[in-house]
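In full-length UniProt numbering, the protein residues as written are 1 to 283.
Since the hints were made in silico from the structure, they are not lab data.
Worth double-checking, as some hints may not be accurate.
[What the hints assert, rightly or not] Heads up, simulated DMTMM-like pairs for lysine to aspartate or glutamate below, C-alpha to C-alpha not over 25 Å straight-line:
| # | residue 1 | residue 2 |
| --- | --- | --- |
| 1 | 277 | 203 |
| 2 | 156 | 254 |
| 3 | 180 | 126 |
| 4 | 21 | 130 |
| 5 | 211 | 172 |
| 6 | 68 | 130 |
| 7 | 111 | 254 |
| 8 | 180 | 198 |
| 9 | 111 | 130 |
| 10 | 14 | 198 |
| 11 | 279 | 154 |
| 12 | 211 | 145 |
| 13 | 180 | 257 |
| 14 | 68 | 185 |
| 15 | 46 | 91 |
| 16 | 21 | 185 |
| 17 | 21 | 67 |
| 18 | 267 | 255 |
| 19 | 111 | 91 |
| 20 | 279 | 218 |
| 21 | 208 | 172 |
| 22 | 266 | 198 |
| 23 | 211 | 198 |
| 24 | 112 | 257 |
| 25 | 208 | 198 |
[As the list claims (entries may be wrong)] Have a look at the derived ranges for each label pair, beta carbon to beta carbon:
| # | residue 1 | residue 2 | range |
| --- | --- | --- | --- |
| 26 | 36 | 127 | 31 to 39 Å |
| 27 | 255 | 203 | 13 to 21 Å |
| 28 | 65 | 223 | 53 to 61 Å |
| 29 | 128 | 216 | 52 to 60 Å |
| 30 | 203 | 233 | 20 to 28 Å |
| 31 | 95 | 122 | 16 to 24 Å |
| 32 | 80 | 122 | 18 to 26 Å |
C-beta: ideal position from N, C-alpha, C; glycine also.
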Amino acid sequence: MAILVTGAGGKTSKAVIPQLKAAGIPFVVGSTRGASASAPGADAVKFDWTDASTYPLPFQHAFPSGEKITAVYIVPGPVADPSRAINAFVDYALKAQGVRRFVMCAGESLKKGGPFVGEVWSHFEDVGAEYMVLRPTWFLENYLDWFYLPLKNENKIYTCAGDATIAFVSAEDIAALAIKGLTAEKPFNRDFAVHGPELVTHDQLAEKFSKALGRTIEHVSLTEEQRAAMLAESGIPAGFAQFMAFLEAHAPNEELDTAAAAVTGKKLVSCDAFIEKHKAVWV
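Please work from the sequences and hints to get the whole structure.
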């Protein structure tokens, strides 16, 4: 058994990799940067969703004990038509390499057969693949990068989410579920809404930051347009910034879903625990 991990620069892949290492599960990372994306104990090979000539390369990787790739962790890349590209790779992996197990991480709003990579989800079923689709809510790790500077420099959290309740989740918990999906003896063949252990508003999250950091952190509500512009100014590509702002603005009041936690059996990372672990970042 060995795993192909895509999306090497993404939050969940960065969490999957150390957990695979800790479990002693062989893996290789597929990256558009090729071998330059390698790190100690994490070999990387050239892989590009839009370039079919790179599809065989991960399967040519020489694992220490001759293992073969048996499952793929899919993180959609920033390509124009991700469903078409990912489905082409799934077909290749199934037919040419005999890989049947796929775990895909998308977003909580994903619908089977719907926009973005909803057609990948339906394709898994059409071709008889073994699969798990992860639909996580908002990542706590966003406050380590995308939302980091306003929090550190202005003592503010900007959103257009209003007073919606969110079950903020850590990438560590998403990764733990992904590894179950990749390695379990029996496939799950279903989706999971991946939630953290509690529902909080952004006002309440600001209060948690205030308590941990010893200074007042304020949640500032913006319009969807203002939020998209702010995200774009922070360096996020304009189209993705608009998409993120749309998701924020139209976020429903979530209901806590514990199905994913039941699969991993681990204690989930709470907002308070996450903030305490990383608080030096925002000091």
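Against the structure, the hints:
For the given pair, residue 277 sits about 20 Å from residue 203 by alpha-carbon distance, which is consistent with the 25 Å threshold. Note on residue 156 and residue 254: the hinted pairing holds, with a Cα-Cα distance of about 23 Å set against a maximum of 25 Å. Only pairs whose Cα atoms come within 25 Å are accepted, and residue 180 paired with residue 126 is accepted, the gap being roughly 23 Å. Restraint check: the Cα-Cα separation between residue 21 and residue 130 comes to about 23 Å, which is no more than 25 Å; the hinted pair holds.
Our distance criterion of 25 Å between C-alpha atoms is met by residue 211 and residue 172, whose separation comes to about 23 Å. Distance restraint check for residue 68 and residue 130: the Cα-Cα separation of roughly 17 Å lies within the 25 Å cut-off, and the hinted pair is therefore satisfied. Distance check on the hinted pair: residue 111 and residue 254 sit about 16 Å apart at the alpha-carbon level, within 25 Å; holds. Simply put, residue 180 and residue 198 have alpha-carbon atoms about 22 Å apart, close enough for the 25 Å limit, and the pair holds.
Simply put, residue 111 and residue 130 have alpha-carbon atoms about 18 Å apart, close enough for the 25 Å limit, and the pair holds. Among the hinted pairs, residue 14 with residue 198 is consistent with the structure: their alpha-carbon atoms are about 24 Å apart, no more than 25 Å. Using a Cα cut-off of 25 Å, the hinted pair residue 279 and residue 154 holds, with the two alpha carbons roughly 15 Å apart. Restraint check for residue 211 and residue 145: satisfied, since their Cα atoms lie roughly 21 Å apart, inside the 25 Å limit.
A hinted pair counts as satisfied when its Cα atoms are at most 25 Å apart, and residue 180 with residue 257 qualifies at roughly 18 Å. Annotation: proposed proximity of residue 68 to residue 185 holds, straight-line Cα distance about 16 Å (limit 25 Å). Note on residue 46 and residue 91: the hinted pairing holds, with a Cα-Cα distance of about 19 Å set against a maximum of 25 Å. Taking the CA atoms of residue 21 and residue 185, the gap is near 19 Å; set against the 25 Å cutoff, the hint holds.
Between the alpha carbons of residue 21 and residue 67 the distance comes to roughly 15 Å, so the proposed pair stays at or under 25 Å and holds. For the given pair, residue 267 sits about 19 Å from residue 255 by alpha-carbon distance, which is consistent with the 25 Å threshold. With a C-alpha separation of about 21 Å, the suggested pairing of residue 111 with residue 91 holds against the 25 Å cut-off. Between residue 279 and residue 218 the alpha-carbon distance is near 16 Å, which keeps this suggested pair within the 25 Å criterion.
Straight-line distance between C-alpha atoms of residue 208 and residue 172 comes to about 20 Å, which keeps the hinted pair within the 25 Å bound. With a CA separation close to 15 Å, the supplied pair residue 266 and residue 198 stays within the 25 Å bound. Under the criterion of a C-alpha separation no larger than 25 Å, the hint pairing residue 211 with residue 198 is consistent with the structure, at around 17 Å. Restraint check for residue 112 and residue 257: the C-alpha separation of about 19 Å stays at or below 25 Å, so the hint holds.
Restraint check for residue 208 and residue 198: the C-alpha separation of about 13 Å stays at or below 25 Å, so the hint holds. The hinted range of 31 to 39 Å is satisfied by residue 36 and residue 127, whose Cβ atoms lie roughly 33 Å apart. Checked against the hint of 13 to 21 Å, the pair residue 255 and residue 203 passes, with Cβ atoms roughly 19 Å apart. Range check, residue 65 to residue 223: Cβ separation about 56 Å, and the 53 to 61 Å hint holds.
The supplied range of 52 to 60 Å is met by residue 128 and residue 216, whose beta-carbon atoms lie about 55 Å from each other. In this structure the supplied range 20 to 28 Å holds for residue 203 paired with residue 233, their Cβ-Cβ distance being about 24 Å. Separation of residue 95 from residue 122 is about 18 Å and conforms to the stated range, judged on CB atoms against 16 to 24 Å. Hint check: residue 80 to residue 122, Cβ distance near 19 Å, so the stated range 18 to 26 Å holds.
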